[in-house]
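Engineer: Sequence:
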Amino acid sequence: MSQTERRADKAEKSAPSNLIPPELAATGKKRFDELVAMQTEQLEKLQEVNGSWIDRMQSQAKLGSEFVAKLTAARSIPEVTTAHKEWASRQMEMAAEDAKRIFADGQKLAETGARLLSNGWRPNGNDRGNT
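For reference, each letter of the sequence shown is one residue, going 25 to 155 in this note's numbering.
Simulated from the structure, these hints should not be mistaken for laboratory data.
Do not rely on the hints blindly, as some may be mistaken.
[Said to hold, decoys possible] List time: in silico BS3-like cross-link candidates among lysine-lysine, alpha-carbon distance up to 27 Å:
| hint | residue 1 | residue 2 |
| --- | --- | --- |
| 1 | K86 | K69 |
| 2 | K54 | K132 |
| 3 | K124 | K109 |
| 4 | K124 | K69 |
| 5 | K109 | K94 |
| 6 | K69 | K94 |
Make a model of the complete structure from these sequences and hints.
Structural biologist: What follows is the structure, encoded as structure tokens:
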């Protein structure tokens, strides 16, 4: 047996078996589980938001590709103008949709964060208003 193992055995034998009362340990575990559940929920929301923005980027790329194809196929200035108007109109619609989506996504994330704080978790390390 090495010297390190002997020291570990001594420390284990001399340490009191109940440093933390079971009630306090149960409360701590419950609070930790609540925190993990909230963080999991927040992560799921972030993944959902991320997926929707990836879809949005793909639709933007598709719109750009279609615009370039129309410009390439255009044979006159009026055709180029029409293609540009359609593209600009769709870009404006998408910008309005993006603004709504940003607000909705921010609201989802804020709601989860607010629930986390309302359950007693405080950024300064205090919980349930205890100082």
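Engineer: With reference to the structure, classify each hint as holding or not holding.
Structural biologist: Structure-based check of each hint:
1. Note on K86 and K69: the hinted pairing holds, with a Cα-Cα distance of about 26 Å set against a maximum of 27 Å.
2. As the CA atoms of K54 and K132 are separated by approximately 25 Å, the hinted pair is consistent with the 27 Å bound.
3. In summary, the hint linking K124 to K109 is supported, as the alpha carbons are separated by about 23 Å, within the 27 Å threshold.
4. With a C-alpha separation of about 17 Å, the suggested pairing of K124 with K69 holds against the 27 Å cut-off.
5. For a cut-off of 27 Å, the pair hint linking K109 to K94 stands: about 12 Å separates their Cα positions.
6. Note on K69 and K94: the hinted pairing is violated, with a Cα-Cα distance of about 38 Å set against a maximum of 27 Å.
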